[in-house]
Each structure stands twice: as structure tokens, then as C-alpha cells.
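Peer 1: Can you build the whole structure from these sequences, using the hints too?
Protein chains: 2
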Amino acid sequence: MEQYFVKQAITTNNLTIEDQEIFRHAIKVLRHKNGDVIYLVDPTEKLFKATITNVAVEEKQFQVDLELLDWASTELPIDVTVACSLSKKDKIEWITQKSTELGAKTIIFFSSKYSIMNWKKNVVEKKVARLQEIAKNAAQQSKRRVIPEVIYLNSLKDLVDYKTEANLVAYEESAKQGEISLLAQTLNKNPKSTLCAFGPEGGFAPDEIDYLNQNDFLSVGLGPRIMRAETAPMYFLSVLSYKYELTVK
Amino acid sequence: MEQYFVKQAITTNNLTIEDQEIFRHAIKVLRHKNGDVIYLVDPTEKLFKATITNVAVEEKQFQVDLELLDWASTELPIDVTVACSLSKKDKIEWITQKSTELGAKTIIFFSSKYSIMNWKKNVVEKKVARLQEIAKNAAQQSKRRVIPEVIYLNSLKDLVDYKTEANLVAYEESAKQGEISLLAQTLNKNPKSTLCAFGPEGGFAPDEIDYLNQNDFLSVGLGPRIMRAETAPMYFLSVLSYKYELTVK
Numbered sequence: 001m002e003q004y005f006v007k008q009a010i011t012t013n014n015l016t017i018e019d020q021e022i023f024r025h026a027i028k029v030l031r032h033k034n035g036d037v038i039y040l041v042d043p044t045e046k047l048f049k050a051t052i053t054n055v056a057v058e059e060k061q062f063q064v065d066l067e068l069l070d071w072a073s074t075e076l077p078i079d080v081t082v083a084c085s086l087s088k089k090d091k092i093e094w095i096t097q098k099s100t101e102l103g104a105k106t107i108i109f110f111s112s113k114y115s116i117m118n119w120k121k122n123v124v125e126k127k128v129a130r131l132q133e134i135a136k137n138a139a140q141q142s143k144r145r146v147i148p149e150v151i152y153l154n155s156l157k158d159l160v161d162y163k164t165e166a167n168l169v170a171y172e173e174s175a176k177q178g179e180i181s182l183l184a185q186t187l188n189k190n191p192k193s194t195l196c197a198f199g200p201e202g203g204f205a206p207d208e209i210d211y212l213n214q215n216d217f218l219s220v221g222l223g224p225r226i227m228r229a230e231t232a233p234m235y236f237l238s239v240l241s242y243k244y245e246l247t248v249k
Numbered sequence: 001m002e003q004y005f006v007k008q009a010i011t012t013n014n015l016t017i018e019d020q021e022i023f024r025h026a027i028k029v030l031r032h033k034n035g036d037v038i039y040l041v042d043p044t045e046k047l048f049k050a051t052i053t054n055v056a057v058e059e060k061q062f063q064v065d066l067e068l069l070d071w072a073s074t075e076l077p078i079d080v081t082v083a084c085s086l087s088k089k090d091k092i093e094w095i096t097q098k099s100t101e102l103g104a105k106t107i108i109f110f111s112s113k114y115s116i117m118n119w120k121k122n123v124v125e126k127k128v129a130r131l132q133e134i135a136k137n138a139a140q141q142s143k144r145r146v147i148p149e150v151i152y153l154n155s156l157k158d159l160v161d162y163k164t165e166a167n168l169v170a171y172e173e174s175a176k177q178g179e180i181s182l183l184a185q186t187l188n189k190n191p192k193s194t195l196c197a198f199g200p201e202g203g204f205a206p207d208e209i210d211y212l213n214q215n216d217f218l219s220v221g222l223g224p225r226i227m228r229a230e231t232a233p234m235y236f237l238s239v240l241s242y243k244y245e246l247t248v249k
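Chains as they are written, first to last, in full-length UniProt numbering: chain A, 1 to 249; chain B, 1 to 249.
Just so you know, these hints were derived from the structure itself, not from any lab. Some clues are possibly wrong.
[To be verified] No more than 27 Å apart at the CA atoms, straight line, and that leaves these computed lysine-lysine pairs for DSSO-like: (1) B:Lys136 to B:Lys88; (2) A:Lys176 to A:Lys91; (3) A:Lys243 to B:Lys189; (4) A:Lys136 to B:Lys91; (5) B:Lys113 to A:Lys143; (6) A:Lys91 to B:Lys143; (7) A:Lys136 to B:Lys88; (8) A:Lys89 to B:Lys88; (9) A:Lys176 to B:Lys136; (10) B:Lys136 to B:Lys121; (11) A:Lys192 to B:Lys243; (12) A:Lys89 to B:Lys113; (13) A:Lys88 to B:Lys88; (14) B:Lys136 to B:Lys60; (15) B:Lys60 to A:Lys91.
Peer 2: What follows is the structure, encoded as C-alpha cells:
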């Protein structure tokens, strides 16, 4: 059963849905009829069972009866930011989709020294909007309560403005030198929020690592194998889910 | 610096490399010259530093002096099999590449009830060979010592022939019912080998789950969010790496 995000907080027992994107998908594509059930999530992260009561095709809207559900949240109990060096379109779209499925709250793309590209000022808004749309769709598909925010930074330096309780940078050189304990050490302190920065295929430049380290980003290794730039953030998010959401009862 | 797999065990201090794929990539594409260094891994998982001593362009071969390196292995200390329901070409290629980066030893694709396709007998060999090639390239890129084996099974039933010490099936219904402890419980027993089966987008059929359960595959939840079919194996492999390769010193 599919889920949609609505833009306004739901405070009533029924609702007329005028959002054209929802209308098109639920009524035109999936051909829902009176009596069918969809799920709605509002900006306060509340989940509702919505039974369709009246489809007005001419007016391009439909009505639903609502029932608040007390199902457990699907959100990670830690606010996670993944900050990835800019890469090709398909890779960043992929990172956005997968990071959303895996529970990231914020997805940052930044330009760094060895990035293969950066975005010119005049295209940033359009490109971020496209990624934000991918995040929304992935959040709906994975049944999340929150749409991750997608942010573009023209400079790695600006990343310090987004610092969390536990700030990390995945560093290949750390991994090569056998660094295997700092991620686990950090997570064992049960931070409420964390950010990890991931470099481009060519890695971070030494002065970029210095800058991050000086700003209290801890260099961590993510195991002995060399992961592609888009794989490392998935590793990080999966580990956080395991650590925070799965447990031995 | 790039790494190549050679087909025969290395027992000498120098070698003439006649493998045309290695020749093409190292000499034609990357234009290596005398004195350049590449790395070679042989079928016994030994890693060698190979210094190029003589390039014979006409004969399409080159010679190297070899030095055995005692670097720590990059292989997961647990043999992991991911068994994924068959999907579209780009998805299974992607699963093969990422599972290799993340350390899988065996990658199985199988046809199940809700798979969107299966492979006809006459194309299996060619398709598996293509995936095996992707696994080899990803293994070289991620600096592994082993190329994962890619296997196709025409029936989910045959999966029992590949059972390991700890056999699991990622089951959405288990996750929905709040199952959060069986994966962690299983890993806390430190098995030496494990297999996890992952269903298609439409999930496993109930009788498929029954069959797996009856054959001692434990149904496990992988957290509260719905992951796409190709994301769940990455989650599993990342968790295994965290659990077996990262630790608090």
C-alpha cells in the first residue's frame, strides 16, 4: 500500500487532497476508487490511514476519511547526515535514493579539490530540487516519516556549519593504516546526531583532511577494502541502523 | 596503484605476463613502462609487488620482478554468500559490483515466484560469465584477494545446496512485526560462514518462506524501513564488515 507526504499538518478526520502529484499518482496511475486505502504522512511525522471516499475527476481532487495510526516510527533514532563529494549525475541520484532508504536525515553534496566537477551557481537550485524530488519518492517508497533534506555546498569549508554531535570523515589512508576502532568507539558513546564526510574517487586532498581534523572531524576507517565513493555512505548508514535499530533481546 | 588477478600460483621471483587482458589494461590503456609498479594476486590469495622490467609490445607480453608482500588480507574473516532474486540487468550488475566491494565470497541469483523474470537455459552461461567479469573488475578495484563466485539457480529450492553455518532470509513481514534481534543474535555466535537470501521487489511468496524456514533459514528483519531489493544485501554485507572487521580497541 502506498504512502504520500502531505504538505500541511493534519488535524481533522477527513481531508480533500488537491496536491496534483498525489492526485495523478493515486487516481490516474494506480486508479484508486472509493473505499481504497492509502497512507498519508504529515509534516509532524504523523501517519494516517486514509480511505478514499470521493473522487472528483473533473476537479482533479479526492476526499479521504482519516484514521491516525500509532505504528512505531520508521525513522532512525539518530539524526544522520551523509556529506558526499560531488560526482556524476547518476551517482548522486543513486546516493540520494539509497541514503534515503537507509535512513539519512540530511544529504549534503559538496565540491572538493579532487571532485570531477562542481555546479555553477545558476544550476544549483534546479539540481537540488531534482534530488529533493528523488528523496521524496524514495522516502515514500521506504515508508519513512521524514523527507531527507538535500543540500549543496560549493566549498568543503562550509561543512563545518552542519556539524553534529559526532563528526567523522571516512579516510582511505586511515583504513590503509589499519584504523579499525574509531567508528565503533564513536557509536558506543550513543551520539544523538552524527555526520560523516565522504571524498570523491580520487580521495580528499591532505589539506582538506587537515582542515576537517582541525574542525573536530575524526578520521575513521571503514574496513580493509577500497569502496567506491558511492558505496561508503551506504556502509555507514547500514552500520548505524544495525547499531541503533537491531539488537539482541 | 592497480591490482590484477593472475590465473596461476606464483612461485618464482619473476614472471612473464601473457594474459591479454592484463597486457591491454596495464600497457595499452595505462601505458606502464619499465620500472613502474603494479600489484598481482594469485589464486592462493598471495599479494605481490610487481616491478615491470621488460615490455615486449610485438609479443603482447611483459615481464615483472616480484616481491611477496605480507600485507594483511582484505578478505572478510567470514565467508558470506548473498543470494538475490533475479532482477533487471542493471540491478543484478549493480548488486554484483557492490557485493564484491563489500566483501561477499559468493553471489547467487535465483528465480523465485515473484521475480520479474528468469533466464532461459541457453543464456545462463553467457550471463553468468558477464557478471563474473564484473565481479573480477570490482575485486581488483577494491583490492580484494579473492574474486567472488557468481552462481545462477533456476529454482529457489536449489539454494539449500549452498547452505552455510548460519542461514538467513531477509523477510519484510518479520521486519514489519518488529523482529529486530535475530540478525544480531546470529552474528553474536560468530559463525564462520553465513548466507542470506533476499527476495524480489514483490517479496517472497509465503510458501517460499515456509520452504526456507523448514530448511533452517531463519527469517530476520533488517530494520523498519522498506529497502529496495538491491539495497538489502548491501545492508547485510556492511553490517558483517562492521561486526567482524571494525572493533573497539
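Peer 1: Please go over all the hints and tell whether each is borne out by the structure.
Peer 2: The hints, checked one at a time:
1. B:Lys136 to B:Lys88: OK: Lys136 of chain B and Lys88 of chain B at ~20 Å, within 27 Å.
2. A:Lys176 to A:Lys91: The hint holds at about 25 Å.
3. A:Lys243 to B:Lys189: Status holds; Cα separation ~17 Å.
4. A:Lys136 to B:Lys91: holds (21 Å)
5. B:Lys113 to A:Lys143: At roughly 24 Å apart (the allowed maximum being 27 Å), Lys143 of chain A and Lys113 of chain B satisfy the hint.
6. A:Lys91 to B:Lys143: holds (21 Å)
7. A:Lys136 to B:Lys88: Holds, because 24 Å separates the two Cα atoms, which is no more than 27 Å.
8. A:Lys89 to B:Lys88: Distance of about 21 Å is within 27 Å: holds.
9. A:Lys176 to B:Lys136: holds (21 Å)
10. B:Lys136 to B:Lys121: Between Lys136 of chain B and Lys121 of chain B the Cα gap is close to 24 Å, so the pair holds against 27 Å.
11. A:Lys192 to B:Lys243: Holds, at roughly 21 Å.
12. A:Lys89 to B:Lys113: Not OK: Lys89 of chain A and Lys113 of chain B at ~34 Å, beyond 27 Å, violated.
13. A:Lys88 to B:Lys88: holds (22 Å)
14. B:Lys136 to B:Lys60: Distance ~22 Å between Lys136 of chain B and Lys60 of chain B Cα, so the pair holds.
15. B:Lys60 to A:Lys91: violated (36 Å)
The structure does not agree with the numbered hints 12, 15 stated previously, though it agrees with the rest.
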